[in-house]
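Chemist: Residue-level listing of the chains:
2 protein chains.
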Amino acid sequence: MITRMSELFLRTLRDDPADAEVPSHRLLIRAGYVRPVGPGLYSWLPLGLRVLRKIEHIVRSEMNAIGGQEILFPALLPRAPYETSNRWTEYGDGVFRLQDRRGNDYMLGPTHEEFFTLTVKGEYSSYKDFPLRLYQIQTKYRDEARPRAGILRGREFIMKDSYSFDVDDDGLKKAYHAHREAYQRIFEKLEVSYVIVAATSGAMGGSASEEFLAESDIGEDTYVRCPASGYAANVEAVITAVPESIPFDGLPEAQVYDTGDTPTIATLVEWANGADLGREIVAADTLKNVLLKVREPGGEWELLAVGVPGDREVDDKRLGAALEPAEYAMLDDADFGRYPFLKRGYIGPKGLLANGVRYLVDPRIVDGTSWITGADEKGKHVVNLVAGRDFTPDGTIEAAEVREGDPSPDGRGPLVAARGIEIGHVFQLGRKYADAFEADVLGENGKPVRLTMGSYGIGVSRLVAVIAEQHHDDLGLRWPASVSPFDVHVVIANKDDAARAGATELAGELDRQGFEVLLDDRKASPGIKFKDAELLGVPSIVVVGRGWADGVVELRNRFSGETQEVPVANAATDIATALRA
Amino acid sequence: MITRMSELFLRTLRDDPADAEVPSHRLLIRAGYVRPVGPGLYSWLPLGLRVLRKIEHIVRSEMNAIGGQEILFPALLPRAPYETSNRWTEYGDGVFRLQDRRGNDYMLGPTHEEFFTLTVKGEYSSYKDFPLRLYQIQTKYRDEARPRAGILRGREFIMKDSYSFDVDDDGLKKAYHAHREAYQRIFEKLEVSYVIVAATSGAMGGSASEEFLAESDIGEDTYVRCPASGYAANVEAVITAVPESIPFDGLPEAQVYDTGDTPTIATLVEWANGADLGREIVAADTLKNVLLKVREPGGEWELLAVGVPGDREVDDKRLGAALEPAEYAMLDDADFGRYPFLKRGYIGPKGLLANGVRYLVDPRIVDGTSWITGADEKGKHVVNLVAGRDFTPDGTIEAAEVREGDPSPDGRGPLVAARGIEIGHVFQLGRKYADAFEADVLGENGKPVRLTMGSYGIGVSRLVAVIAEQHHDDLGLRWPASVSPFDVHVVIANKDDAARAGATELAGELDRQGFEVLLDDRKASPGIKFKDAELLGVPSIVVVGRGWADGVVELRNRFSGETQEVPVANAATDIATALRA
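Chains as they are written, first to last, in the numbering used here: chain A, 1 to 581; chain B, 582 to 1162.
Calculated directly from the structure, the hints in this document are not laboratory data.
This one's a predicted model, so the numbers in the text were calculated from it and none came from an experiment.
Each hint should be verified, as a subset may be incorrect.
Here are the computed distance ranges between Cβ atoms for each label pair [claimed, not checked]:
| hint | chain 1 | residue 1 | chain 2 | residue 2 | range |
| --- | --- | --- | --- | --- | --- |
| 1 | A | G446 | B | D1078 | 51 to 59 Å |
| 2 | A | E181 | B | G1024 | 33 to 41 Å |
| 3 | A | R185 | B | S587 | 45 to 53 Å |
| 4 | A | I239 | B | N667 | 24 to 32 Å |
| 5 | B | K1028 | A | R102 | 45 to 53 Å |
| 6 | A | R295 | B | T593 | 28 to 36 Å |
| 7 | B | D1078 | A | I239 | 52 to 60 Å |
| 8 | A | E181 | B | S587 | 39 to 47 Å |
| 9 | A | S6 | B | H638 | 49 to 57 Å |
| 10 | A | P131 | B | H638 | 26 to 34 Å |
| 11 | A | A80 | B | R925 | 22 to 30 Å |
| 12 | B | R925 | A | P39 | 31 to 39 Å |
| 13 | B | V997 | A | S6 | 48 to 56 Å |
Chain A residues, not near chain B, derived (Cβ > 12 Å throughout) [said to hold, decoys possible]:
| hint | residue |
| --- | --- |
| 14 | F9 |
| 15 | R50 |
| 16 | N64 |
| 17 | A65 |
| 18 | R79 |
| 19 | E90 |
| 20 | E123 |
| 21 | Q138 |
| 22 | R148 |
| 23 | A228 |
| 24 | E244 |
| 25 | S245 |
| 26 | A275 |
| 27 | G337 |
| 28 | K378 |
| 29 | G395 |
Where is the CB? At the ideal position from N, CA and C, for every residue including glycine.
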């Protein structure tokens, strides 16, 4: 069925919407693909819905190809299973909660691990039933603190979420790799440029995990990569390149100095370069100790000190990921008041360890490294305090900020920073949810075996914006053929009745050949029609214009801008061939 | 792609679930189509989802065929537009409400008139843009007081809702009839037996309205129909057959009697048959006056008296529909205390009218009818009070109960009662929402013209249960081919390797011919497989069994129970022909 623009529910906008920050948002609104309904809430108009359905179709095909079976859960979910997994609490303000008329608690599901686990536990009871891969394409909800960038970060959105169930780790690994490869095929079909980065887990729990990030300057996810080796990781997941340890032989003795009023790294470095230490001192020569309190789920607050080189800050995201699932907070004045041995600005490893404070350090602080750090008395610091000789921390922690130029953990060169938009996530959950719900089946040996799970997500509605973000120019959108709302956009740019009739016939012939055709049959000027065609972004545009009299129509490529003349006589055949190319 | 039962996520149940009241619920659970997640909340397992998608596909095709354009709104909807239409209040406890992290109010949309109106107002501005027909297939929510019967009355469900926009009444009528006819085609394709009944509006507001009810003894909607004429109406919408009025000439004078303690119809009839009135008196000869208070939206409570023949009760549903959008309540003791002229048990038309109480009567109370009714004094009634002569009510009201045997309003015979399940609703809303949102466009004459709307709904997920309800037997489900999860179910009922291979090859050939094939390749007994095949309800079952050795397979019809033998040699061709028949 040809779609006629004279009938299509569409009004394009000449001007950018006032509140649109990013190109995809501006263009999807201007081209009439989506409309805002509320903060982070959008309606899909006919063109937008067509793109969305095409993405869904590609995702569905690839999920079916790896043996995924589609099911569908409600979005409105009762509280109890989330209590069992502790996520009712863990989600905090990030989810929508509500009560029914009887006062029972519900959540609008942001993800469905609990219910898939319960369902599989309810249906299956033997190792023979596995492996099992289930998925759904379903509406999800998150109460974002700052919904932004249109459908890139909405509060109601469509996700494909799948879950694998296996009886052993080998099965889980296979499922993980099958999903990882399916995702690669999906994003290639969608023509999205992406990187796969090592990731940490957020509130999901579990172990091996990678994110698919669409490369984009407007992305909210920062990652680093090593151009030489291809290593890429989320900032939270970067593993520090650890220097070799240094023999203690010949290292100078630690010595305490009166450093005066030097409570900051800057003042300490200034003192050190004024004192006669025999070398130039930089912030990286100092050891900064940051005091936190940490609480495991269900536990009590406990002190934790984190030691990092003085030229680096502790990165909140990395610290949070490293401590998860524990929560943490910086010590406040009242806390310091309770621990008089903590002399702010002068805290050192020896005082911490002597007072039983748990002390974790940056992985760069290897044995044999010498540091200028606090001496646990106001106005005093210690110089040449050697790790492994003068103090032995309780362990290391990946909490220091990652910087461009840091060495890649694979030793193949420096890291560079980049930004991306999360479009997919593959995750070996392991037995976290199976443990929570005691999801056991009968094993081959007749004994119960606990299931192991993976969870895998693709942001389906977000991908509409991601593709628009990666494929547009100043004139408008430029859809890859695989997701374009139409295969071809036929523009009638000639008032002559014969030309109009010829264009309509051509559109009809292309339709009969199985192409989805948008026909601009409006009584508007050619200029308006061309502008709209460029804005809407169908990749192939056929113009029935002035050339009609000379027996030609024009085929325009929205990506390359190239134009070719096609004889009217066999226009349908030639254009069909070009479209199939 | 063949679906193998050895891999399909499915576990059939031998026993009926304890809480399943109706056949469709029992069978959909037993056959593994759906699973309960919470009260009124269900997950769709692979087979159920396949049926659901097929229904969606049929609905979508027919909506597209009448020029419907598909769009998609969020389910999470901000409060403000519902305030404008007054439905934030009107919905009462029937919807789910929630707040986001900033304390803003939202509703999980039960229907989308407000947002479609706002969207069309936002995009279009000229009469040239119309007619317009938009629809969505979308998840809806209602906080049912008593979710029941599985997916027949759930709290999260899928609906197709469409909305027509026109600049004149003629356009609205065309849109209404286009939808009505599309719905007829849809329900015929789905093989659902249904009736179209005249309906009232519920909380929707507006005028002409019909419901599509699937015929079912377990339906919650009561309707009446006249078998002779085909007239059918919801109980709320039944129009009373009005008798001819009677000339006043020769009618006896009204006369007041001391009737003693006769505050009820029963005691009054007993008194009347003891008094010498010259004829036998029945309850239908008396006139009962029921006192209410009524409040228009935003108005004050006002008294209303409803007069009905003494043999009929006032029907709450009919009364509510007749008074809508006003709300009403019966008078309580305190109310009666405030109006001393109201003598309970002895209230008559004269006292009501003399005291300015609005007085509406049943349409049977035509001019010239004589009544025994209250005389507005304790212990007194009046006999032969003639409507139109001795009192003139303020109008009529359709509030008296409807009974089997009542005459059809078309005069073609008596009404019979039946039960049905609402599966569709077509509704000429008129300008209710266009007025609320001032949805005007420029008319042909250059002046603004207010849009007129229709709204049209189909309960997509409910239809899965409705079809199951109408098509099953004691052994299990029996799907019409148009919605069956598979076209054919191939059962391997022979352990012989050649038979297994032959069955798999036959399944493959049917798959290549475009049929959706379920292959039961499990290591289970033929008996278990046959029972499952009957339970699952695919309409055509191919059994590769003992006959294989003799060169035949069996084709079973799940509806008729008929079996035919098909030679192995050209089994695929013969079966394909049978499936296409």
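Chemist: Compare the structure with each hint and give your call.
Modeler: Do the hints match the structure? See the list:
{"no.": "1", "hint": "A:G446 <-> B:D1078: 51 to 59 Å", "result": "violated, 29 Å"}
{"no.": "2", "hint": "A:E181 <-> B:G1024: 33 to 41 Å", "result": "violated, 59 Å"}
{"no.": "3", "hint": "A:R185 <-> B:S587: 45 to 53 Å", "result": "violated, 26 Å"}
{"no.": "4", "hint": "A:I239 <-> B:N667: 24 to 32 Å", "result": "violated, 60 Å"}
{"no.": "5", "hint": "B:K1028 <-> A:R102: 45 to 53 Å", "result": "holds, 52 Å"}
{"no.": "6", "hint": "A:R295 <-> B:T593: 28 to 36 Å", "result": "violated, 48 Å"}
{"no.": "7", "hint": "B:D1078 <-> A:I239: 52 to 60 Å", "result": "holds, 53 Å"}
{"no.": "8", "hint": "A:E181 <-> B:S587: 39 to 47 Å", "result": "violated, 24 Å"}
{"no.": "9", "hint": "A:S6 <-> B:H638: 49 to 57 Å", "result": "violated, 27 Å"}
{"no.": "10", "hint": "A:P131 <-> B:H638: 26 to 34 Å", "result": "holds, 30 Å"}
{"no.": "11", "hint": "A:A80 <-> B:R925: 22 to 30 Å", "result": "violated, 51 Å"}
{"no.": "12", "hint": "B:R925 <-> A:P39: 31 to 39 Å", "result": "violated, 56 Å"}
{"no.": "13", "hint": "B:V997 <-> A:S6: 48 to 56 Å", "result": "holds, 50 Å"}
{"no.": "14", "hint": "F9", "result": "violated, 5 Å"}
{"no.": "15", "hint": "R50", "result": "violated, 9 Å"}
{"no.": "16", "hint": "N64", "result": "violated, 7 Å"}
{"no.": "17", "hint": "A65", "result": "violated, 9 Å"}
{"no.": "18", "hint": "R79", "result": "violated, 9 Å"}
{"no.": "19", "hint": "E90", "result": "holds, 16 Å"}
{"no.": "20", "hint": "E123", "result": "violated, 4 Å"}
{"no.": "21", "hint": "Q138", "result": "violated, 9 Å"}
{"no.": "22", "hint": "R148", "result": "holds, 15 Å"}
{"no.": "23", "hint": "A228", "result": "holds, 43 Å"}
{"no.": "24", "hint": "E244", "result": "holds, 49 Å"}
{"no.": "25", "hint": "S245", "result": "holds, 48 Å"}
{"no.": "26", "hint": "A275", "result": "holds, 52 Å"}
{"no.": "27", "hint": "G337", "result": "holds, 33 Å"}
{"no.": "28", "hint": "K378", "result": "holds, 43 Å"}
{"no.": "29", "hint": "G395", "result": "holds, 36 Å"}
Of the numbered hints given earlier, the model fails hints 1, 2, 3, 4, 6, 8, 9, 11, 12, 14, 15, 16, 17, 18, 20 and 21; all others are met.
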